[in-house]
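Fit chain B to the known structure of chain A by using the hints.
Each protein sequence line maps, in turn, to chains A and B.
Using our numbering, count along the first sequence one by one with no gaps and you end on 216.
Using our numbering, count along the second sequence one by one with no gaps and you end on 458.
Think of the hints as simulated: they come from the structure by calculation, not from any bench.
Any given hint could turn out to be false.
[Unchecked claim] Just a sample of chain A residues kept apart from chain B, beta carbon distances all over 12 Å, derived: (1) Ser26; (2) Leu32; (3) Phe94; (4) Arg101; (5) Ala112; (6) Glu164; (7) Glu173; (8) Lys191; (9) Lys204.
[Unchecked claim] The list that follows gives simulated cross-link-like pairs (lysine-lysine, DSSO-like), each with its CA atoms no further than 30 Å apart: (10) B:Lys178 to A:Lys110; (11) A:Lys110 to B:Lys423; (12) A:Lys183 to A:Lys110; (13) B:Lys396 to B:Lys423; (14) A:Lys87 to A:Lys47; (15) A:Lys47 to A:Lys81.
Each residue gets a CB set at the ideal place from its N, CA and C atoms; glycine is no exception.
This is what each chain is made of:
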Amino acid sequence: MSIRSTHIKLGLVAQPTHTHLSDTDLALALIDGAPWAYEETWKRFVPLVFNMAVSTLGSASEAEDIVQEVFCRLARKAKSLRKPESFRSFIVSIAIRVLQWELRRKRAQNWLSFQPSEMLTDLVGVSLDVEARDMLRRFYAHMARLGSRERIAYSLRHIESMTIEETAEAMDLSVSTVKRLQERATKQLSDWLNTDFDLKSLVLKRGGCHEG
Amino acid sequence: MRDRVESVSDSASLAILTALAREAREQVSPPPPAALDAQWSEVTTRITRQRFRRGLFFRFSLMGIAASAAGAVWMLLGLSRPSDPAAETAALSYHVEGGTVVEGGYLRESGPEEIKLRFMEGTEVVLTPGTRARLRTVDGSGARIAIENGTTFFNVTHRPAAKWQVDVGPFLVTVKGTIFTVSWDAVSEHFDLKLDRGEVSVAGPISTGEIAVKAGQRLVVDLPKKETVITEEDDGGGLGAGGVPSAGSLGPSEAPAVERPESSTSRPPGRAASLGRPRRAGDGQALSAQGWAEAVAAGQWDRILTEADRAGLRHTLAHASSDDLLALADAARYRRRTGLARSALLAERHRFPGSPSARDAAFLLGRLAESRQGEIGEAVKWYDAYLAGAPAGTYASEALGRKMMATKQLHGSSAANSLARDYLRRFPAGPYAGAAHALLTHP
Numbered sequence: 005m006s007i008r009s010t011h012i013k014l015g016l017v018a019q020p021t022h023t024h025l026s027d028t029d030l031a032l033a034l035i036d037g038a039p040w041a042y043e044e045t046w047k048r049f050v051p052l053v054f055n056m057a058v059s060t061l062g063s064a065s066e067a068e069d070i071v072q073e074v075f076c077r078l079a080r081k082a083k084s085l086r087k088p089e090s091f092r093s094f095i096v097s098i099a100i101r102v103l104q105w106e107l108r109r110k111r112a113q114n115w116l117s118f119q120p121s122e123m124l125t126d127l128v129g130v131s132l133d134v135e136a137r138d139m140l141r142r143f144y145a146h147m148a149r150l151g152s153r154e155r156i157a158y159s160l161r162h163i164e165s166m167t168i169e170e171t172a173e174a175m176d177l178s179v180s181t182v183k184r185l186q187e188r189a190t191k192q193l194s195d196w197l198n199t200d201f202d203l204k205s206l207v208l209k210r211g212g213c214h215e216g
Numbered sequence: 016m017r018d019r020v021e022s023v024s025d026s027a028s029l030a031i032l033t034a035l036a037r038e039a040r041e042q043v044s045p046p047p048p049a050a051l052d053a054q055w056s057e058v059t060t061r062i063t064r065q066r067f068r069r070g071l072f073f074r075f076s077l078m079g080i081a082a083s084a085a086g087a088v089w090m091l092l093g094l095s096r097p098s099d100p101a102a103e104t105a106a107l108s109y110h111v112e113g114g115t116v117v118e119g120g121y122l123r124e125s126g127p128e129e130i131k132l133r134f135m136e137g138t139e140v141v142l143t144p145g146t147r148a149r150l151r152t153v154d155g156s157g158a159r160i161a162i163e164n165g166t167t168f169f170n171v172t173h174r175p176a177a178k179w180q181v182d183v184g185p186f187l188v189t190v191k192g193t194i195f196t197v198s199w200d201a202v203s204e205h206f207d208l209k210l211d212r213g214e215v216s217v218a219g220p221i222s223t224g225e226i227a228v229k230a231g232q233r234l235v236v237d238l239p240k241k242e243t244v245i246t247e248e249d250d251g252g253g254l255g256a257g258g259v260p261s262a263g264s265l266g267p268s269e270a271p272a273v274e275r276p277e278s279s280t281s282r283p284p285g286r287a288a289s290l291g292r293p294r295r296a297g298d299g300q301a302l303s304a305q306g307w308a309e310a311v312a313a314g315q316w317d318r319i320l321t322e323a324d325r326a327g328l329r330h331t332l333a334h335a336s337s338d339d340l341l342a343l344a345d346a347a348r349y350r351r352r353t354g355l356a357r358s359a360l361l362a363e364r365h366r367f368p369g370s371p372s373a374r375d376a377a378f379l380l381g382r383l384a385e386s387r388q389g390e391i392g393e394a395v396k397w398y399d400a401y402l403a404g405a406p407a408g409t410y411a412s413e414a415l416g417r418k419m420m421a422t423k424q425l426h427g428s429s430a431a432n433s434l435a436r437d438y439l440r441r442f443p444a445g446p447y448a449g450a451a452h453a454l455l456t457h458p
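Extracted from the complex, chain A is given alone in its bound form:
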């Protein structure tokens, strides 16, 4: 066929790199309003926020929405950052607040709709078999029954593999409070699993597979 096409030159916009800067210097630049600082912050901290959101929500797509919301809030609050050396913690704390807000919104939405919402575990690109996906879906359905603080504490500690101290710092809580939240979350999840025989049979099957 004859060529009747228009080729448009495409180039991803090349940005000057500021990757060598420390988090503290980046925070100072952001407070000073350097035009590049915000984008550099975005590039540097998106993976952190995204991973936290995926661990907590079990959904990559919802995690992307959370990431956007976190960085919109960061733009509003950047000037209020008092400790540039704690820039990472500052972003994590915003992410925690956004996640708490999202979890509360979901619970309220479920309550208002008078019927339990279907929990969709959306992990694009994950190579799990059908049974494992089913187990995850059911597991996150139980996670959705936890309070927002319990859920976040459990996710950060056990799925994100943070230490107790890191979790406490991220959530701006004392270590003892985080321990209490985790104990409560573990007990509630165990109780709910105890009555979910379908899920337990799937776990047994998978456990057997692992052993074999």
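Frame of chain A, contents of chain B only:
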């Protein structure tokens, strides 16, 4: 079994599930750079909007209070008049066929069939099987739909205040009233938009900013190769219109059928001039006053049809060059003269057998046949003809995909299974890969 199940301690179950969640999380990687760029642009837009709103708030707060008070008095007095109806319209109602909307707005298939979203003002959205998409928002002016992977057809009803947005991977397609099909392959980062009617703008990680796509055009973006191509090869423009010859006259080996000109004039060509493109040896006579291929690219379809009519269609089909025949076919399809388009494509195959253009004509003939009721079988023959002549040609992926869908429609899913397997083997990231997976998953 129950005893055995109970024998697993709850803490052990929880540990296994937590480990599974951790394993899944570790497999999820943050969005690719292209998607991050698109999200970044969305975030900056939101921030700008927020700042603008805050600025407005402080600047006009007093004025707003005064206006609110005046409005309240106005309403109390019953003197208010309806303002912009679109602004006051409630969110569009819609219903879903072949699936349900679940948590997060995801559209989940209830079976192997495609999902159809029908909105009250007439807009229709069809997700091919295997497509992953979600309904982000619906309001009075339209909706915002995100396609994460797969192919979706849109027929958006034109309204003055309509606003429809489609997130396609890292791209944002903004439409008012139009018909188009768009697909996104998240693995190969391949974007493909074919516009049948209207006009859309596409924004995304492309340095030229927004791209306006017009009727009959196709926009393909290959992000890994950093390549953007707009072609005029869309086949939708000529679908389903008049001037259709009888079904029995179709066939891959058939000699060209000549559509009668709408006027009875059959004069010899007024002027023969050079074509805009270099002519190949063996090409026929150039009938166009200027290059018809250039005229097609410039959207001057009526000019081509007028010149062809003036020269006499029978004469044109018998003597035009290969390039002019293809240009004539394009112009005819865009102007819904399907019969003439088909005749031009048949002439191309008859007069220039074995040429690349003749092979492409077979694929286009297949699409034309598929668009007419009762001719899907003929379409399959044309696709076979194309695939036999150009197994690795430009349209090979589409020809095999269309053949698979047509076979499913004609003979059922089981008959199409082998084609689906063949498709996935040859084009694992092709535009019909989702449909092929769905076929094999739901036989």
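Hints versus structure:
Every Cβ of chain B is farther than 12 Å from the Cβ of A:Ser26; the closest lies at roughly 22 Å, confirming the non-interface assignment. The beta carbon of A:Leu32 is kept farther than 12 Å from every beta carbon of chain B, the shortest such distance being approximately 20 Å. With a least beta-carbon separation of about 17 Å from chain B, A:Phe94 lies farther than 12 Å from that chain, consistent with its non-interface assignment. With a closest Cβ-Cβ approach of about 17 Å to chain B, A:Arg101 is found to remain outside the 12 Å limit, as its non-interface label requires.
With 12 Å as the threshold on Cβ separation, the claim that A:Ala112 sits away from chain B holds: the shortest Cβ distance comes to roughly 14 Å. Look at A:Glu164: its CB is around 8 Å from the nearest CB on chain B, not clear of 12 Å, so calling it non-interface is violated. Annotated as non-interface, A:Glu173 keeps its C-beta farther than 12 Å from every C-beta of chain B; the closest such distance is 21 Å. The non-interface label for A:Lys191 is inconsistent with chain B: the shortest C-beta to C-beta separation is roughly 9 Å, within 12 Å.
With a least beta-carbon separation of about 5 Å from chain B, A:Lys204 fails to lie farther than 12 Å from that chain, contradicting its non-interface assignment. Restraint check: the Cα-Cα separation between B:Lys178 and A:Lys110 comes to about 27 Å, which is no more than 30 Å; the hinted pair holds. Taken as a hint, the A:Lys110 and B:Lys423 pair is broken in the structure, with Cα atoms around 41 Å apart against an allowance of 30 Å. For a cut-off of 30 Å, the pair hint linking A:Lys183 to A:Lys110 stands: about 25 Å separates their Cα positions.
Between the alpha carbons of B:Lys396 and B:Lys423 the distance comes to roughly 15 Å, so the proposed pair stays at or under 30 Å and holds. A hinted pair counts as satisfied when its Cα atoms are at most 30 Å apart, and A:Lys87 with A:Lys47 qualifies at roughly 21 Å. Distance restraint check for A:Lys47 and A:Lys81: the Cα-Cα separation of roughly 18 Å lies within the 30 Å cut-off, and the hinted pair is therefore satisfied.
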